[in-house]
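Colleague: So you can see what is in the structure, the chains are spelled out below.
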Amino acid sequence: MEVIQQLIGRLHPLVVHLPIGFIITGLLLQWYDRKNHEWSKIITMVFLWGFISATIASVSGYLLYKGEGYSFDTVKYHLWFGIATAIFSLLMYFRLLPPTKMDFIKRMPVVLMSFLLLFLISFTGHLGGNITHGSDYLLEPLPNNIKTFLGLGPELYEMPTLDEENWEEAELYTDVIQPILNNKCVSCHNAKKEKGQLQLEEENGILKGGENGAIIETNDPENSSLYSRLILPLEHEDHMPPKDKTQLTQDEIAVIKAWIAHSNPFDKKIGELGLKKNLFQAFFPKAEDQTYPDVEVAKIAKDTISALKKIGLHVEPISENNNFIKVSCINKPTFSDSDFDLLLPIKDQIVSLDLGETQISDAIFEKLGSLPHLTFLKLDNSDITGRNIESLEGLEYLKSINLVGTNFQETHLPKLKKFKTLQTVYLYNTPIQKPQKVEKRKPGELFFDYGGYDLPAIATDSIVY
Amino acid sequence: MNSLDRLIKEKLQRDIQAKTRRHFIKDCVAGMGGLALGSLFMGCNSFVGDNKKGKIALTERDINPLASMAPPFPAKVKSVIYLHMAGAPSQLEMFDYKPTLQKLNNQACPQSLLEGKKFAFIRGVPKLLGPQAEFKQHGESGNWVSNFLPHFSKVVDEVAFLKAVNTDQFNHGPAQLFMHTGSPRLGRPSIGSWVTYGLGSENQNLPGFVVLTSGGKTPDAGKSVWGSGFLPSVYQGVQCRSKGDPVLYIEDPKGISRNLKKSTIDAINNINKKEFNEYSDPEILARINQYEMAYRMQTAVPEVMNINNEPEHIKEMYGVKPGKESFANNCLLARKLVEDGVRFVQLFDWGWDSHGTGHDTAVDLGLRNKCTEIDRPMSALLLDLKQRGLLDETLIVWGGEFGRTPMQENREGQEMAYKGRDHHGDAFTMWMAGGGIKKGASHGLTDEIGFSALEGQVSVHDVHATILHLLGFDHEQFTYDFQGRPFRLTDVEGHVIHDILA
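Which chain is which? The protein sequence lines are X and H, in order.
Counting from 1, one number per residue, gives the positions in the first sequence under full-length UniProt numbering.
Counting from 1, one number per residue, gives the positions in the second sequence under full-length UniProt numbering.
Pulled out of the complex, with its shape left as it was, chain X reads as follows (with noise of 0.2 angstroms):
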């Protein structure tokens, strides 16, 4: 009796696809047919065939809950889903018949009847189908952003990131290792998927290994399909994780190949397994770039920079994804202060200029005043004196001038030491004397570089061995 039951339980994959078909074709016939009402007879024929199999599918599907173990849990919805279905077709099926005396269904709009009829059967052949293939089966395949974008992505763990002081304090498998199989593994590796019955999520999962059995073999990484398979080429068939999938990278892979040379322990410390700071390079907040002022500018449109283009500056933003320009005149030498009208449009923009070798004067101070994130300016080689360089004062993150082979005078130098932030000056090649001892180079605070550097001749200069 047991068996027969497990065998009518085992027909419901085949069974619930009757009444599938059944109401599908009720609910098509009745569209059909809205205008002209033709097919009655048949449509409610239809609907009863529904209801007889879709109660065949649900006493199948009960049998198999209860001949394979399913979880009540698991199987509820889809269980009170299917029998909703059946009373919901033979409900139809009345309300279809010619008429009779059970008024209080004739009541019932049929439009309605059909709509929820098609949500019940999609909606429990869908709790059918995540039974069967596992929750995420549909929309697995979708790219990780587009399920990101829906809420449904893998769960976005935080990058591993060392403290540059206490690196060697970091447990290497709890602060680093770990965070990386989260970060690139656990979304097929997990208690849930167990994708090559794998859980990577885990010391004990990651020690039992997968269907191919240890992914470690202790010290020995090469042997590792927890390592080799990293390093296999991107085509190859075993390597993991897929083509399609974000891969790890270089530095994350050399991180997990030392932890397997270094018996793959799950408790030391870095410091104590004696690993190179190098290794963990990557692993470091990256130091900000303090170069170019902290402050978000608009967008310069191409074409503003293409018209500035053809008058031959050179203006190149200082990044691809960097708003801030630089601007030289490396190819315009006839550049005079009346040019420099033409950067107001990017006035906001411009952190470093460089009008070297060009035929502007010192009526240009004001205008570079204008300038609210010049960082680096040079000035070099053209006849500027000085006078009104104290307009540059207010400029907020000006670091460095170079003013190599100009006219400027000495007169104008302690104006430059009020500038706030200026560290470097170029004074070489310009009437100003180079004092007769220059102070060494402080950090953080304003250097003039005289220049004039020599190398004096030495007797070994003309020896030949």
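Since the hints were derived computationally from the structure, they do not count as laboratory data.
Hints may be right or wrong, so weigh each one.
Derived Cβ-Cβ restraints for the label pairs, each shown as a range [unchecked claim]:
1. 272/X <-> 108/H: 54 to 60 angstroms
2. 414/X <-> 455/H: 48 to 54 angstroms
3. 383/X <-> 452/H: 57 to 63 angstroms
4. 28/X <-> 279/H: 52 to 58 angstroms
Here a beta-carbon is modelled for each residue, glycine too, at the ideal position from N, C-alpha and C.
With the hints as your guide, set chain H onto chain X.
Modeller: Chain H only, in chain X's frame:
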């Protein structure tokens, strides 16, 4: 003009004759589809060229392959001067001080060091050879420099040393190729080509990648060390000479005036413009642009390559020898080129292969002379760039293709009259200086006799990764598609050497 008209007419007729109906239909199968597809993509790019058929989309690079481009990340430097000592200088006489090696001088090399090693010339059991120079610590950094380089030891605080660079090549050609193209075999683009491809050139009157050689010979690996490999050939290094015409065949021929030259080029360009109006092929615009650049280069190159106008004290500092081919001249030229916005300047100095086969290649004689030849110029280059405010935006790299053995060479197993050292790539010294470099740093340590690295070993790929990093590239992302896969300068390896970065 009559003859020119005739010529054009004739060409058109030949073209038409060459086309048959079959040709046309055959060509069109893919062509028509391509045309339709092309029109779909119009407007994707920022640059739009006009011709009589309407607007066509072109990038700036279509028209000028050397147009400058922003790097992916903010760069520390915008130019590179690479000083290559071809033949491989001996680190043991210049930077890598090994007092223990002195003590072991003339003792037989332990067998354990020789096992599994290949040498170019050493056979049997060689003897260890102590340093032939005297070493001292210099500057605030206290880095060791030998008395072969008295001037350089004064600027030692400006540079960062890599004491344990490793290469897997032990012959000059492959090792030089490896050092400059990231592969010991032919066919890859050189670093300078990668960089000009990625960043273009700022000065539109000069080439973006200039090569200068000295020492009497070009490197063993030939011109491939500045070749463009699979990159478009416009990115290859332009070899300029410090003696005679800087670039060959750039002078106007005798009897041809500058004006006539200009009108010739204008005429050619007009024909090309017509051609472009007809076929809208961006290659034609690139060609027009190159004629114009060549014309501009005719005046710009001789100007920048002329060191005679430099003040006397500068010439003295470098120790230049005007009119001759010398490393000193090339160093001064390198500064001038970088000052004028050239992206990558590559210097090769030949004559560093100190095998001890004669006076010139003895590590205590010939090598010392070579050191004297470069000592003043390279130190002057550092100081001159510094005083002009250019050192912060330039990277200087110094090195050979490998290093030399702590053992004295015993060619054919014979003891040799002069002291020499064989090729050795396991651990040798390079240095870098300039923007983004940690001044006075020293990274890497070799064992007591300077044979292998104890710590801080870096590979040639690491050096490349670091150079690209300073120029604003992620060496893993900077690729070029060729033969169906993306290629990188660093292939599948390379780590940025953070220890020498500021």
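Colleague: Give a verdict on every hint.
Modeller: Hints versus structure:
Our hint of 54 to 60 angstroms for residue 272/X and residue 108/H is violated, since their Cβ atoms are close to 41 angstroms apart. Separated by about 50 angstroms at the C-beta atoms, residue 414/X and residue 455/H satisfy the suggested range of 48 to 54 angstroms. Restraint check, residue 383/X to residue 452/H: a C-beta distance of roughly 58 angstroms satisfies the suggested window 57 to 63 angstroms. Checked against the hint of 52 to 58 angstroms, the C-beta distance between residue 28/X and residue 279/H comes to roughly 57 angstroms, which is consistent with it.
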